[in-house]
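Visitor: So you can see what is in the structure, the chains are spelled out below.
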Amino acid sequence: MTSMATASIAVHPVRSGPAHWLQSYVHMTRWELGSLRLLLPLIVALQMVIGGGFALGIGLFFDEIPVRNALFLATGVAVVTLITVGIVMGPQLVSNHKVAGTYDFLWSLPVPRTTQAAAWLTVNTIIAIPGMVAALVIADWRYDLTLQVSPAIVPAVLLTIGTATLIGYAFAHAIPKPMITNMITQLLIFVILGFSPINFPPENLPGWLAAVNEWLPFQHMAAVIRAALTEGLVDNVGRSYVVLVVYTAISALVAAWVIGRRD
Amino acid sequence: MTDRLESEGDWRFHARTVTKAFGDLLANDGITLQIRPGEVYGLLGPNGAGKTTLVKQIIGLLKPTSGELTLGPYDLIEDPDAARQLCSYLPQAQMPIDSFRARDVIRLTGMIRGGESGAVTARTNEMIEALDIGEWAETLGIKLSGGVKRLVGFAMVSVWPGRVVILDEPTNDVDPRRRRLLWEQVRRLGDLGSAVLLVTHNVLEAEKSVDRLAIINEGRLIAEGTSSSLKAEDRGRLRLQLMMVPGHPTPELPDFVQHNTRVGNNVMNVISETDATVGIGWAQELMARGVAEEYALGATTLEDVYIRLTGHTSSNGNATL
Ligand SMILES: Nc1ncnc2c1ncn2[C@@H]1O[C@H](COP(=O)(O)OP(=O)(O)OP(=O)(O)O)[C@@H](O)[C@H]1O
Ligand SMILES: [Mg+2]
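If you read the sequences in order, they're chains A and B. Read in order, the letters of the first sequence correspond to residues -5 to 257 in my numbering. Read in order, the letters of the second sequence correspond to residues 5 to 325 in my numbering.
Because the hints were derived from the structure by calculation, they are not lab data. Some clues are possibly wrong.
Unchecked claim - In silico lysine-lysine, DSS-like type, Cα no more than 25 Å apart, as pairs:
| no. | chain 1 | residue 1 | chain 2 | residue 2 |
| --- | --- | --- | --- | --- |
| 1 | B | 212 | B | 235 |
| 2 | B | 67 | A | 171 |
| 3 | A | 92 | A | 171 |
| 4 | B | 212 | A | 92 |
| 5 | A | 92 | B | 235 |
Isolated chain A, as found in the complex:
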C-alpha cells in the first residue's frame, strides 16, 4: 500500500505567480481560522459584548441625548470596535504565537509571507464585524436612531479594519518582546480614544492636536464610517478616503517588510 502513496510524492519545481499566491492565501486563511477555532466563538462574543456595552454605556453620560449626538456616538463606537480588534486583539494574538514559539514553523511554510498577512487580515475582519454590528443594532434600539446604510459601508469598513489591523500586525512583529507589545497596545488604545476625535468633534480639541489628527488615520476612519451610515452628519469625506487608502498602503508595505526581514 505504501508504494501507491509514495509513488505520487513528486518533487515540485519552485512555484510562484498569482495562482500560487491565491492558493497559498486560501490555505493560510484555513490555517488561521483553524488555529483560532477554539477561541473564535469567545472572541466574537467578547467583541459583541464590548460593542453593545459601549453603545449602552455612553447613554449614561446624558439625561436626554439628542438624536444627532446619539448618532454621532453610536457610529463612533462602531469605529472604536473595529480599531480595537486591529490594534489590541490582533497584536495580542501575535504575542501569544510568539510566547508559544510557534512562528518558527509558521514562517517556514512554503507560502509567500504576504499571504500570511492577508490571511490574518481576513480573519481579523471576520472577528471585527460582529462587534460593530452589535454596537449599531443596540444603539439603534436604545436611542431610536435612523441609520441610513449606504454601499460605501463596504470600503469604509475594509479600509478601517485594513489600516488598524496592518498597523497592529506590523508593530507586533517588529517588537521582539510580547510584553512590550501588550503594553503598547494598551497605551495606543487609550491615546486613540482620548485624543482622536472619534466620539467627539475635532473642534473640542486644542488647535494643534486637531491639526495632528488631520494627518492620523483615526478621525478619518470615523468620518468614512459615519458618512456611510448616516445622512447629513458629515460631508466631504473624499480627503478621508485618500488618507485611509494611503495609510492602508503604507501599513501593508511596512507589514510586508517587517515579516520579510531576517536577522
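Place chain B with the ligands on chain A using the hints.
Guide: Then chain B with the ligands, alone, in the frame of chain A:
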C-alpha cells in the same frame, strides 16, 4: 513521478563556511558540510553548540553573517522563498497545532506544501499508520501528550517532504518503541530522495540510523564522517564505566586511563584493550572499598568519541551502563 525524473541532476545541499554572529558570540563559525539526496545526516553537539542556529539559516529564519548555503542550482540565502519550498522543517520549538485535529493538520500541511489532495490523504494515512498514532488521529492538538505532539509534528513535516528535510530533535519526548518507528520513517525520507539533516542529542540512536554525521562544538564543526570512521581513532580501546557511590568524589585515576568524564555519579574511562585485566582489577578494588557501586566494561561507542571531542556526555550518557 515524472517531475522527479526530470529534476535529476546535482541536488546536493552545500553549506560553505557558514558563520553567524550574535553580537560578539559566534554561534556558527565557518561551518562547511554537504548532504547528498537520499542521505541521512546527523548533527550532534552539546547545548548551545549552534545546531539550531545552523538549520534556521537554511530555512531562512536567520541570515548568515557570511558564507553560502545552496541546494542544487538554488542560492538559499538569496532566495528564501525557494528555500521554504525546497526544504521542510521541524523546529525544535513547539508546533502550533493546539486547535487542530491531528489528521487534519497533517493533511493541511501536505496541501500547503503543494501536494495534490488525493495523494496527500493517502500519504497522511500512511504516516499515521507508520508512526502508530491512529488512536489520536481525531484528537485536538491541545489534548495530545508531548510525545504524540512531536510525532504529529514529524508527520506534518514528512507528509510531503522537501528535497531537504530538516529535523531539529524529532525524537524528544517520544517513547522508545515509537522512536524506532520514527527512525524508520526518517530512513524512508532518504529512500524517497530527500536529503535529511537531523539534529539530535541521542548519539547511540544516531549511530544506528544516520549515514554520516557531524559533531559541532562552540559553533565549529569539529568532526565529520561515518560513525565507523569517527570511531577509528578509538579502535583498540574499551570503555570502563564506574557508577560511584552517590556523592563520592572521583577516585585518583591510574595511568592506564586515557580519558575520563564524570556525569553525576557516572565516571566513564577510556582504556586500552591491553589494560582490560588491570582495569577490571581496579574497578573491583573500588567496589570493595565502597567507592563504586557497579562497573561495566564494553566496546567504545560513538558516545565515547563524542565525549572525547566535546567534553560533554550526550542525553543518554547515563543510560548506557
Ligand atoms: N537570537 C539569538 N540571539 C542571541 N544569541 C542567540 C540567539 N539564538 C541563539 N543564540 C546563542 O547562540 C548559541 C547557539 O545556540 P543554538 O540554539 O544554535 O544551540 P543548539 O546547538 O541548538 O543548542 P541546543 O542543543 O540546546 O538546542 C547559544 O549560545 C545561544 O545562546
Ligand atoms: Mg537547538
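Visitor: It remains to establish, for every hint, whether it holds in the given structure.
Guide: Right, here's what the structure says about each hint:
1. At most 25 Å may separate the alpha-carbon atoms for a hinted pair to count; residue 212 of chain B and residue 235 of chain B meet this at roughly 13 Å.
2. For the proposed pair residue 67 of chain B and residue 171 of chain A, the alpha carbon gap of about 20 Å is at most 25 Å, so the pair holds.
3. For the hint pairing residue 92 of chain A with residue 171 of chain A, the CA-to-CA distance comes to about 8 Å; that is within 25 Å, so the pair holds.
4. At roughly 36 Å between alpha-carbon atoms, residue 212 of chain B and residue 92 of chain A are farther apart than 25 Å, so this suggested pair is violated.
5. Note on residue 92 of chain A and residue 235 of chain B: the hinted pairing is violated, with a Cα-Cα distance of about 42 Å set against a maximum of 25 Å.
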